[in-house]
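Residue numbers (UniProt numbering): 1 to 236.
There could be a bad hint or two in this list.
What the hints assert, rightly or not - When the alpha-carbon atoms are kept at most 25 Å apart in a straight line, the in silico BS3-like pairs for lysine-lysine are as follows:
1) K148 to K6
2) K17 to K205
3) K118 to K205
4) K230 to K14
5) K118 to K6
6) K6 to K17
7) K205 to K148
8) K231 to K41
9) K74 to K205
10) K14 to K205
11) K118 to K231
12) K74 to K118
13) K230 to K148
14) K41 to K148
15) K17 to K74
16) K14 to K148
Calculated from the structure, these hints are not laboratory results.
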Amino acid sequence: MNISIKRIQAIFTKDYKEFSRNYAVSIMVFMPFVLALFYNKMGIHTIDSYFMTINLTLAMVTAFVQSCLIAEEKESNTLRSLMMSPASIADILIGKSSLVFAISAIVLAVTIYLLGYKPGNVLVLALALAVSILFYIALGTICGLFTKTVMEASVAALPVMGIFSFGPMVLGLSEKYPIAGIAEWLPSSQLILLAEGLEAAMPAKEIVVSFAVMIGWTIAAIIAASVLYKKRMTDD
1 MNISIKRIQA IFTKDYKEFS RNYAVSIMVF MPFVLALFYN KMGIHTIDSY
51 FMTINLTLAM VTAFVQSCLI AEEKESNTLR SLMMSPASIA DILIGKSSLV
101 FAISAIVLAV TIYLLGYKPG NVLVLALALA VSILFYIALG TICGLFTKTV
151 MEASVAALPV MGIFSFGPMV LGLSEKYPIA GIAEWLPSSQ LILLAEGLEA
201 AMPAKEIVVS FAVMIGWTIA AIIAASVLYK KRMTDD
């Protein structure tokens, strides 16, 4: 697989210009800060509150912005030209994901600081968040490829927010409704379990399991995004 750094940089620069011009999309990066400040001022300092904000950030920023950037390309008929260019699939997907990855990492870092959250192991949590960012980027790519306009992409990103951001809350109903226990295997739920494990110094085996589940979701989402992208290349 040929990867061109110059092509990736060119796509990154192009996306940055589009992102900075589209205020309806770029304004989303500030929403997690408002929520983080609210929780901090209210004195709510629990793992659940921290990760509700973090998971919402991943949906509102990572998945939403990625889907809108992809959909904007389709709406302006530039995605087809990009697909037909000498740039490989890897060049395009990495180039179009790099900006969102950088934005997400910065927003998450600031959000965690504003929340006052001090993780038990910064390095392990950072790796887990990096995997989560890749997962939500893949979801955003899928949403963007399925839709034709930025408005449609905005709507398509809502189920991502509902399922993966609020999914862990369903676990509270698992005793009454056993089927709700499925939510434990969502990557957002595993991220919370991993964070709780870091705080409680749980065995490394449990942390590895959470990582494995998150990585599995991420690989599946990336494969799905790649397959859908290839399909769009051959669509009329």
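What hints, given by number in increasing order, does this structure fail? 1, 2, 5, 7, 8, 9, 10, 11, 12, 14
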